[in-house]
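Trainee: Since chain L is already given, all that's left is putting chains H, X and V on it; use the hints.
There are 4 protein chains.
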Amino acid sequence: MAHTIREKGKILARVNRIKGQLDAFSKAIEAEGDCYQIMQLLSSCRGALNGLMGEVIEGHIREHIVEADNKKMAIQSGEELIKIMDSFWK
Amino acid sequence: MAHTIREKGKILARVNRIKGQLDAFSKAIEAEGDCYQIMQLLSSCRGALNGLMGEVIEGHIREHIVEADNKKMAIQSGEELIKIMDSFWK
Amino acid sequence: MAHTIREKGKILARVNRIKGQLDAFSKAIEAEGDCYQIMQLLSSCRGALNGLMGEVIEGHIREHIVEADNKKMAIQSGEELIKIMDSFWK
Amino acid sequence: MAHTIREKGKILARVNRIKGQLDAFSKAIEAEGDCYQIMQLLSSCRGALNGLMGEVIEGHIREHIVEADNKKMAIQSGEELIKIMDSFWK
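Residue numbers (my numbering), protein chains in the order written: chain L, 56 to 145; chain H, 56 to 145; chain X, 56 to 145; chain V, 56 to 145.
Fair warning: there could be bad hints in the mix.
As the list makes no split between identical chains, a pair holds if one copy fits it or if it spans any two.
Claimed, not checked - Straight-line alpha carbon distances no greater than 30 angstroms define the calculated DSSO-like cross-link-like pairs of lysine-lysine that follow: (1) K126 x K74; (2) K74 x K127; (3) K138 x K82; (4) K63 x K74; (5) K145 x K82; (6) K82 x K127; (7) K138 x K63.
Derived from the structure by calculation, the hints contain no laboratory data.
Fair warning: this is a prediction, and the values are worked out from it, not measured in the lab.
Next comes chain L alone, as it looks inside the complex:
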């Protein structure tokens, strides 16, 4: 996965941040904390995960479709992106 090799560290740091947010969410649930705060924590996770999804998809477009080694691989990567995005239009 060429584009994530290059951006590997950056992506791993973002995932770790999301895991930390989920830990905070779990702790708030366990402590029976305030519901609004709990929803805010989850909403932040959701935003962070969406942002990461966007980052990974951008890399896929740039490096696996536009910069594909050959037409056959560009077609395959294009169809992969279409399948991944399918759930966004539901």
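Mentor: For chains H, X and V alone, coordinates are given in the frame of chain L:
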């Protein structure tokens, strides 16, 4: 816009269906109809518009990125897609 | 639909704006316009429709759940909202 | 947070599953795995997190708005929901 030339009729039919759904929504608002029904109408419009967005983006990936005439145009179309999708990750 | 009676004119104006945006989209498709511009038009419609959905749902929460005439109606309006939002979590 | 007290175990199990999915994602990034598989992992996380968000919001509607102890608290919980959902309409 090559891919919508080919699928022009199909896309126009989908837009007309969405306009019809919005007309039904306007009428229900004017008639001060049932709120649940009104929310369902709007939710259907939203689903239909998302589906259309998916269709147009699929065409863009296949015909303007994967099948671009040259690398320069593939890069441009790829960047356009990234800009359009930017709002999905918010 | 109490809350849209109060805000009827405002909501109808927003729907009309979205219809106008869809007309511009149809014209661009018919004229075989630039694909990026076409995607931007559709993306604006989508944003405007999402905003309208948010407005209608806000009214529903405030006037049909929080300000329901009685508990039975609050329960019904709450369940209606849950059903409408179900598609957002897919 | 009454509704999550009742459903505490269920919600914690869901969060743990999402953390497990994020671990699988991190490992795939570290191993420089196949990009399509990586996007699928992230897409599953996103779906699971959306589902959890829906679950928490449903509990909030049922127990903190509809079943609020008094009108003042119903209003507050309603406004909290509106603020949380604000990001969905962008």
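Trainee: Would you list, in rising numerical order, the hints stated earlier that this structure does not obey?
Mentor: 1 and 2
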